[in-house]
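Enquirer: In order, the protein sequences belong to chains A and B.
The first sequence runs 0 to 277 under numbering that gives the first Met the number 0.
The second sequence runs 0 to 275 under numbering that gives the first Met the number 0.
Misleading hints may appear alongside valid ones.
Pulled from the structure, derived: some chain B residues nowhere near chain A, Cβ distances all over 12 Å [as the list claims (entries may be wrong)]:
(1) Leu4
(2) Ile54
(3) Asp119
Computed footprint of chain A on chain B, listed as stretches where at least three residues anywhere in the stretch have a Cβ under 8 Å from a Cβ of chain A [unchecked claim]:
(4) 16-29
(5) 35-47
(6) 238-250
If you're looking for bench data, these hints aren't it; they were derived computationally from the structure.
Ideal placement from N, C-alpha and C gives every residue a C-beta, glycine not left out.
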Amino acid sequence: MTHNTVKASDYAFTLLRYLTLFGLLGTILIPLAFVISVSFRPPEEFFTSGVYLIPKNPSLEAWEQALRFLVEPLKNSLLIASGTTIVSMLIAVPGAYVFGRKEFPGKDIIYYALFVSLLFPHILLIAPITDIWFEIKLYNTVIGMWLALQVFVIPFMIYILRDYFEKLPQNLEEAAQIYGCTEFTAFVRVVLPIAMPAVVAVAFLAFLIGWNEFLFANMLTSGQGPRPAIVELFLLTQGTSGNVYWGRLMAITLVLGTPPTVLYLFARSYLGQAFNIT
Amino acid sequence: MLALLLILWLPFTRGIWMSLHEWPVVGERTFIGFDNYEFLLGWDTFYISIKATIIYGLSTVLQLVIALVAALLIVNQKWFKNFTSSLFLLPYTLPPVVSGTVWLYLLDPNFGPILTALTDYGLLENGLFWRSSGDLAITVITLVGAWTFWPFMFIIILATLQSIPEEHYEAAKIYGANRVQRFLKVTLPQLKSAIIVAVTLRTIWNLSKVAQPLQMTGGGPGYDTSVLGILLYRFASDNGRMGLSFAVGIFLLLLTSVFIVVFIRENRRSQQTELK
Numbered sequence: 000m001t002h003n004t005v006k007a008s009d010y011a012f013t014l015l016r017y018l019t020l021f022g023l024l025g026t027i028l029i030p031l032a033f034v035i036s037v038s039f040r041p042p043e044e045f046f047t048s049g050v051y052l053i054p055k056n057p058s059l060e061a062w063e064q065a066l067r068f069l070v071e072p073l074k075n076s077l078l079i080a081s082g083t084t085i086v087s088m089l090i091a092v093p094g095a096y097v098f099g100r101k102e103f104p105g106k107d108i109i110y111y112a113l114f115v116s117l118l119f120p121h122i123l124l125i126a127p128i129t130d131i132w133f134e135i136k137l138y139n140t141v142i143g144m145w146l147a148l149q150v151f152v153i154p155f156m157i158y159i160l161r162d163y164f165e166k167l168p169q170n171l172e173e174a175a176q177i178y179g180c181t182e183f184t185a186f187v188r189v190v191l192p193i194a195m196p197a198v199v200a201v202a203f204l205a206f207l208i209g210w211n212e213f214l215f216a217n218m219l220t221s222g223q224g225p226r227p228a229i230v231e232l233f234l235l236t237q238g239t240s241g242n243v244y245w246g247r248l249m250a251i252t253l254v255l256g257t258p259p260t261v262l263y264l265f266a267r268s269y270l271g272q273a274f275n276i277t
Numbered sequence: 000m001l002a003l004l005l006i007l008w009l010p011f012t013r014g015i016w017m018s019l020h021e022w023p024v025v026g027e028r029t030f031i032g033f034d035n036y037e038f039l040l041g042w043d044t045f046y047i048s049i050k051a052t053i054i055y056g057l058s059t060v061l062q063l064v065i066a067l068v069a070a071l072l073i074v075n076q077k078w079f080k081n082f083t084s085s086l087f088l089l090p091y092t093l094p095p096v097v098s099g100t101v102w103l104y105l106l107d108p109n110f111g112p113i114l115t116a117l118t119d120y121g122l123l124e125n126g127l128f129w130r131s132s133g134d135l136a137i138t139v140i141t142l143v144g145a146w147t148f149w150p151f152m153f154i155i156i157l158a159t160l161q162s163i164p165e166e167h168y169e170a171a172k173i174y175g176a177n178r179v180q181r182f183l184k185v186t187l188p189q190l191k192s193a194i195i196v197a198v199t200l201r202t203i204w205n206l207s208k209v210a211q212p213l214q215m216t217g218g219g220p221g222y223d224t225s226v227l228g229i230l231l232y233r234f235a236s237d238n239g240r241m242g243l244s245f246a247v248g249i250f251l252l253l254l255t256s257v258f259i260v261v262f263i264r265e266n267r268r269s270q271q272t273e274l275k
């Protein structure tokens, strides 16, 4: 008797599990299916009624328009994101190493000063940073964007990497020094290669923050300057009512969404580890 | 290192100085003491903004529920586990402005598939012009925010779930614990820290979101969906009132500071247990 009831509840549980699982997947895959479908529809097809997935007259017009529109903004995005990555790596990798493996006076206080800046709402800095950038002539420059984004990229990177460096075996550098390495070469030749996967993952994250970032990019660039694609997309969606060609917009979203998605899937295991606090 | 701290904290210090001024982007600056703060506290719209921020911040709860359910579903999944969890990450990996655009289309009153389907099946008479109703607009941006950001909590919770030793569950089973008991007595206590960390981080970040809600509603109708972040942005960008903008930021900081303190304490505690 009891045996049977347990079994019935097991079946019910499994059924519920799969229903929820597919339900959740649906909230992601159905929108995605529409986005892809719509990006292959010609402009006329948006005025026909009814909901359907397969385009009636598939066309590449939306993609052509989207790519033509995106050439310049994508160059800017690429330049901003890769520069941001390089600058942040130069600072954050040695920084995280020092925080993770060295002792020095004031370490805790400096670390917490960094740590708090990871948490506090960066948006409140748009006013002072815009103002300072105007004064030191960094407004509307690529370098200005690189530097501004460091404000939140670096604390994030140091937070993740420090944790990783800290968990490496304690006597790694000592062993290297026995074989004739200096402190510096021990870092470059021994520690860094071991930490490479994590460093690469963090570089991906820096790149995608640079790619996705909207607010600072919008405040610090103008139409004549290095305005990245995200801001252009934002502007396209503003003041749109009725007669917008959604096909083109959806093609643009697919182009802009792909690079960060690919990078994220590579970087995710390290992100999980860094925040894995039990 | 010190130079680094300077880059991070100099703008903040300068911002405080700015907030004591009427500070246009170009032109004359005048010292006005605490007038910016007084103005905000006496301005009715400011309270609308705080209310909107809190409602929008509540999407953290939704995110937690979805993330917890998804992580529990995935952790014992045998087939396509990695593939499925990667699919779950998709909303979060898209730039928020991109997912905002996607939902603007899906929910477009004239051409979007969701509202078209509802009218076709006779559930709605006309298109639902949600952008012109304050209550609907804030609901929409909160739900879309939940959809966009839940996978962040999912990553953290899943990583922690995977680190719970299988023996704990087996021991619980031997003592006759049923599914619910196993969840409450084994899973939940182990997840406690991870949940606190995920919730505090997401709350801070949700309370200070700008891009996606701004894109979807422009902060309107009126100021109904102008969360503090958008209010701050509108002052800085549209009106060029930098001092006032930073003053809004200070209130936002006060709102999030509770969570910042919780996060730091939790982080410190877990580091101490790690050392033991």
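Enquirer: For each hint given before, does the structure comply? Return the numbers of the non-compliant ones in rising order.
Expert: 1, 3 and 5
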